[in-house]
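Asks: Chain residues, written in single-letter form:
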Amino acid sequence: MEKNISLTLKVWRQNGPKEKGRFETYKLETVSTGSSFLEMMDILNEQLVNEGNEPVAFDHDCREGICGMCSLYINGRPHGPDDDVTTCQLHMRKFKDGETITIEPWRSAGFPVIKDLIVNRNAFDSIIAAGGYTSVSTGGVPDANALPIPKPDADEAMDAASCIGCGACVATCKNGSAMLFVSAKVSHLALLPQGRVEASMRAKNMVAKMDELGFGNCTNTGACEVECPKGVSISNIARLNREFLVAKFKD
Amino acid sequence: MSTIFGSSIGRKLLMSLSGLFLVTFLIVHLSINLLLLIPDGGQMFNVAANFMAMPLIKFGLQPVLALGFIVHIIYAAVLTAQNNKARGSAKYASGNNTTDVMWASKNMFVLGLTVLAFLLVHLIDYWVPLQITHGAASITIDGVEMHNAYALVNAAFADLWRVALYVVGSLGLTIHLTHGFWSAFQTLGLSNNIWRKRWSVIGIAFAWIVGLAFSMIAILQYVLFQ
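In order, the protein sequences belong to chains A and B.
In terms of the working numbering, the first sequence has 230 at position 230, counting the first letter as 1, and numbering is strictly consecutive.
In terms of the working numbering, the second sequence has 56 at position 56, counting the first letter as 1, and numbering is strictly consecutive.
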């Protein structure tokens with residue numbers, strides 16, 4: 001049943017990377033429970049523009065949960081109170097009429113705030129650039145059974161590849177660790193023959209870049225797995241540890 | 001190889017290996033302590049304690065054990081400091097409402113400090129009088145003169161507050177191990193979707209067996225052997 005709810009929003013506003021931020025409180029009188037969280041943000045921004053105020057800056061792109069652009073730390077959880085969805089897939093029916101919603105940017109030393117709710121996630125791009133690829137083109141989709149891959153491996157690779165690099169894992173981690181992201185990227189390539197060739201090099205280079213960028217040390221709390229909108233498993237972290245340690249001991 | 005311990009996974013490897021080494025020590029320690037529950041006036045316990053004070057063990061293995069503790073504690077401090085830095089100074093105003101995260105996993109450093117505080121009390125209670133000052137009384141068993149470690153333990157557990165302290169220390173260790181045990185195998189990479197569940201179950205069972213056994217020894221010493 002669609003209905004309208006009214007909300008109080010506590011939104012983090014920050015003019016620039018070096019500026020001091022603060023919370024601003026806004027009231028929204030009519031929000032349809034059928035709208036998505038980002039549509040609610042659009043409504044807020046329209047209201048702000050109409051009042052002659054500056055709209056809230058937030059990241060978004062595809063709005064169907066596959067691009068990894070949206071973020072937002074909503075009421076104590078990255079991507080809000082629902083499980084296994086991104087903020088753009090979060091429906092307003094998950095909130096109660098009259099509820100106060102606190103909206104913050106990802107907070108982590110590795111993700112400095114650029115403006116309002118937008119953080120700089122270039123660190124993830126740098127980690128990918130350090131090894132998250134195959135050095136040669138492996139061509140298009142191979143013919144079925146031309147390259148036999150055990151079904152469990154194919155499934156696990158696909159699950160790891162579902163990581164959209166949104167950074168929720170880092171945002172929720174008490175250690176500011178990027179291990180879930182790095183392990184997903186290392187895993188989905190290491191599990192397939194095309195990526196296996198460079199697996200050792202990739203694990204070493206991506207971990208080195210991750211450490212260099214100041215991400216924390218994983219302590220296996222598992223919070224990342226809970227908050228990951230794609231449900232990427234921490235068994236990938238075990239695989240990364242294995243790949244990395246074996247590669248280092250071989251050297 | 002040169003940079004392995006300079007990497008985050010390398011530092012965690014040291015935590016993992018030193019932690020598992022300390023777990024094996026716990027098994028030896030508990031095995032000997034269980035002799036305290038044999039109603040023979042402490043004879044077997046004294047013989048075992050005397051064996052553990054042999055020069056080879058005292059000067060050969062104890063330094064290794066101490067090194068295990070030191071590595072584990074120093075790296076815990078280093079990793080915690082680095083992680084706090086990585087987390088950044090800005091805190092979430094709306095806190096953390098992530099569910100299904102084990103409390104122990106988020107408080108390993110504090111739990112570790114609890115265990116360390118207990119360890120210091122424990123060393124002062126027994127290790128110092130038995131192996132450093134030799135202030136403990138002597139007893140002769142089968143013609144061999146040795147410290148009456150049993151009498152020392154028995155006298156110590158006549159105080160209810162000390163029994164309570166040891167129970168608290170043991171349970172602190174239990175909670176530390178409920179996360180630490182499986183986490184060590186995860187760090188070594190010896191885990192996947194199946195083994196993660198197995199290590200967790202084994203770890204939690206091991207943690208409670210160790211913690212409750214140490215607690216029971218202290219309690220039964222107070223209740224039955226005074």
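If you're looking for bench data, these hints aren't it; they were derived computationally from the structure.
There may be inaccurate statements among the hints.
Stated by the list, open to error - Below, computed lysine-lysine pairings styled on DSSO-like, alpha-carbon distance capped at 27 Å:
(1) B:106 x B:85
(2) A:94 x B:197
(3) B:91 x A:27
(4) B:197 x A:20
(5) A:10 x A:151
(6) A:18 x B:91
(7) B:85 x A:115
(8) B:106 x A:174
(9) B:91 x A:10
(10) A:209 x B:197
(11) B:106 x A:18
(12) A:174 x B:58
(13) B:197 x A:174
(14) B:58 x A:151
(15) A:209 x B:85
(16) A:94 x A:151
(17) B:197 x B:58
(18) B:197 x A:96
(19) A:18 x B:85
(20) B:91 x A:174
(21) A:209 x B:106
What the hints assert, rightly or not - The calculated label-pair distances, taken between Cβ atoms and stated as ranges, are:
(22) A:126 x B:54: 53 to 59 Å
(23) A:96 x B:159: 52 to 58 Å
(24) A:126 x B:202: 36 to 42 Å
(25) B:44 x A:214: 50 to 56 Å
(26) A:214 x B:103: 37 to 43 Å
(27) A:29 x B:97: 48 to 54 Å
All residues carry an ideal CB built from backbone N, CA and C; glycine is no exception.
Asks: The structure should be examined with respect to each hint, and the outcome stated for every one.
Replies: Against the structure, the hints come out as follows:
{"no.": "1", "hint": "B:106 x B:85", "verdict": "holds, 16 Å"}
{"no.": "2", "hint": "A:94 x B:197", "verdict": "violated, 31 Å"}
{"no.": "3", "hint": "B:91 x A:27", "verdict": "holds, 24 Å"}
{"no.": "4", "hint": "B:197 x A:20", "verdict": "violated, 45 Å"}
{"no.": "5", "hint": "A:10 x A:151", "verdict": "violated, 47 Å"}
{"no.": "6", "hint": "A:18 x B:91", "verdict": "holds, 17 Å"}
{"no.": "7", "hint": "B:85 x A:115", "verdict": "holds, 22 Å"}
{"no.": "8", "hint": "B:106 x A:174", "verdict": "holds, 7 Å"}
{"no.": "9", "hint": "B:91 x A:10", "verdict": "holds, 15 Å"}
{"no.": "10", "hint": "A:209 x B:197", "verdict": "violated, 31 Å"}
{"no.": "11", "hint": "B:106 x A:18", "verdict": "violated, 31 Å"}
{"no.": "12", "hint": "A:174 x B:58", "verdict": "violated, 40 Å"}
{"no.": "13", "hint": "B:197 x A:174", "verdict": "holds, 23 Å"}
{"no.": "14", "hint": "B:58 x A:151", "verdict": "violated, 54 Å"}
{"no.": "15", "hint": "A:209 x B:85", "verdict": "holds, 17 Å"}
{"no.": "16", "hint": "A:94 x A:151", "verdict": "violated, 37 Å"}
{"no.": "17", "hint": "B:197 x B:58", "verdict": "violated, 38 Å"}
{"no.": "18", "hint": "B:197 x A:96", "verdict": "violated, 36 Å"}
{"no.": "19", "hint": "A:18 x B:85", "verdict": "holds, 18 Å"}
{"no.": "20", "hint": "B:91 x A:174", "verdict": "holds, 10 Å"}
{"no.": "21", "hint": "A:209 x B:106", "verdict": "holds, 25 Å"}
{"no.": "22", "hint": "A:126 x B:54: 53 to 59 Å", "verdict": "holds, 56 Å"}
{"no.": "23", "hint": "A:96 x B:159: 52 to 58 Å", "verdict": "holds, 54 Å"}
{"no.": "24", "hint": "A:126 x B:202: 36 to 42 Å", "verdict": "holds, 39 Å"}
{"no.": "25", "hint": "B:44 x A:214: 50 to 56 Å", "verdict": "holds, 55 Å"}
{"no.": "26", "hint": "A:214 x B:103: 37 to 43 Å", "verdict": "violated, 27 Å"}
{"no.": "27", "hint": "A:29 x B:97: 48 to 54 Å", "verdict": "violated, 26 Å"}
Consistency with the previously given hints fails for numbers 2, 4, 5, 10, 11, 12, 14, 16, 17, 18, 26, 27, ordered from lowest to highest.
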